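Q: One line per chain: the protein sequences are Z and F, in this order. Each residue of the first sequence is one higher than the last, beginning at 1039 in the working numbering. Each residue of the second sequence is one higher than the last, beginning at 7 in the working numbering.
Think of the hints as simulated: they come from the structure by calculation, not from any bench. Predicted model only: the values in this text are computed from it and were never measured. If a hint is listed, it holds; no wrong ones were tucked in.
Once the Cα atoms are required to be at most 35 angstroms apart in a straight line, the calculated DSBU-like pairs of lysine-lysine come out as: (1) Z:K1047 / F:K43; (2) F:K11 / F:K43; (3) F:K11 / F:K74; (4) F:K60 / F:K43; (5) F:K62 / F:K74; (6) F:K60 / F:K77; (7) F:K11 / F:K62; (8) Z:K1047 / F:K11; (9) F:K11 / F:K60; (10) Z:K1052 / F:K11; (11) F:K77 / F:K11; (12) F:K43 / Z:K1052.
Okay, here's what each chain looks like letter by letter:
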Amino acid sequence: NAGVTQTPKFQVLKTGQSMTLQCAQDMNHEYMSWYRQDPGMGLRLIHYSVGAGITDQGEVPNGYNVSRSTTEDFPLRLLSAAPSQTSVYFCASSYSTLGLSEQYFGPGTRLTVT
Amino acid sequence: DQQVKQNSPSLSVQEGRISILNCDYTNSMFDYFLWYKKYPAEGPTFLISISSIKDKNEDGRFTVFLNKSAKHLSLHIVPSQPGDSAVYFCAASEGTGANNLFFGTGTRLTVIP
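Isolated chain Z, as found in the complex (with noise of 0.2 angstroms):
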């Protein structure tokens, strides 16, 4: 098992330009999600689903889209991206839906935005 895999680990967009930050799961897991870590404040959630074809907002959605076409796979798109979203991104999965279980996280992905 490869567990939760993120592509790219590095990433430097101009502001304005948009980019999608890959994730996929090989453990079959129904719910995934999008963090983001920001210094002083903890990982925020983003997006999430709980299954192919359910996704919703977490605390900090605005920005970006995400879609479930498959179990596998949760790719998080960034619009127009934003100095503000300079950040560090992680996306995890769960094979639970009912509450957080424990939950897989990818190492990261690493934005800059200038």
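With the hints as your guide, set chain F onto chain Z.
A: Chain F only, in chain Z's frame:
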């Protein structure tokens, strides 16, 4: 407003001694709590959890204590080992059907050999 707080950004402990990491929360609806450990350039990994129906949960060298009246939990690591050096995040969720975890800002633990 930060609903889960870890007021100590860092902690240093001698190898073999006890490490105590603290976490406070403000939302009285939180009833499930987790600790995650994070090494540099890696994602957080789950360490231990506790539900509000318990006040203690142990797993090997790791014990989590929950004081609901004080809205406080702590993670004890005994004995501490150099491999425990990492950033520890406390997280909380509201209800068994919750889909959002609220994380603290983390405490960097350094275990000195």
